[in-house]
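Novice: Sequence:
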Amino acid sequence: MGTAVLVSASNAVAQTDNSLQQQAVKAEPMNSVDPYEGFNRSMFAFNMAFNDSIGKPVANAYNNVVPQPLRTGVSNVFDNLSTPISAVNCFLQGKVEDGLSEIMRFTINSTFGLFGILDIAEPAGLEAKNEDLGQTLYTWGMWTESNYLVLPFVGPFTTRELTGGLVDSSYDPVYINWIEADEGERRLIYMTDGFIQYSKVVNLIDDIKNQPDPYVFSRESYLQHRTNLIYDGKPPQPALDDFNFE
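The numbering of the sequence shown is numbering that gives the first Met the number 0, which starts it at 0 and goes up by one.
Just so you know, these hints were derived from the structure itself, not from any lab. Among the hints, a few may not be true.
With a cut-off of at most 25 Å between alpha-carbon atoms, the simulated BS3-like pairs for lysine-lysine come out as follows [said to hold, decoys possible]:
id, residue 1, residue 2
1, Lys55, Lys199
2, Lys94, Lys233
3, Lys55, Lys233
Could you put together the complete structure from these sequences and hints?
Specialist: Written as structure tokens, this is what we have:
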């Protein structure tokens, strides 16, 4: 069934946004530090067309039909499920206090917050840390250079982030010890989480499309986002002649 969905989506996309598809075909690498730019632009065009034809209408329907409090509760549940992995990576980076804070967040929200529906930890001063193995690998100095990569449907990553995410998901204690989800159930949960996150920002995509070069704008914004995560919101000022890709 998953293959059929992908094929149907691909056919719909191919029929909806020819201008973006043509842009992807004509695009040639312009940035030597973006070695996958040709592929990335093709996937970016595909994702934009998918957004216009399928993603945005579905996300808007979800936002219009489901009441805001319920949407917030669902989003909180998925945010809560990611907390244990964040805690593990806090400890791996030597951020013991942050790791303990994440454990407290998860414990409080999973119990008093009704399995995470209510985020009562943040008002109590326990803010989410959002750590992952991609950030940990950079912190360890094991993988300091990383390339930008755009995948169909799921969007942008860096190669380090993607690798770290795959490792994180393989041992995630929430799905192994708590939910006890099999591989298929995990994929469904991840897909649902991705849609929930997408539905929160879907209306911002039009702003990206209005940029002189939407792909470059999206790339630079995403890499800046990853850099801010690595440095906990306090990245070093880059030299004018140096471009750090993450």
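Novice: Now, for every hint given, state plainly whether the structure supports it.
Specialist: Taking the hints in turn, this is what the structure says about them:
| no. | hint | result |
| --- | --- | --- |
| 1 | Lys55 / Lys199 | 11 Å, holds |
| 2 | Lys94 / Lys233 | 16 Å, holds |
| 3 | Lys55 / Lys233 | 33 Å, violated |
Figure legend: structure checked against the earlier numbered hints; the only hint not met is number 3.
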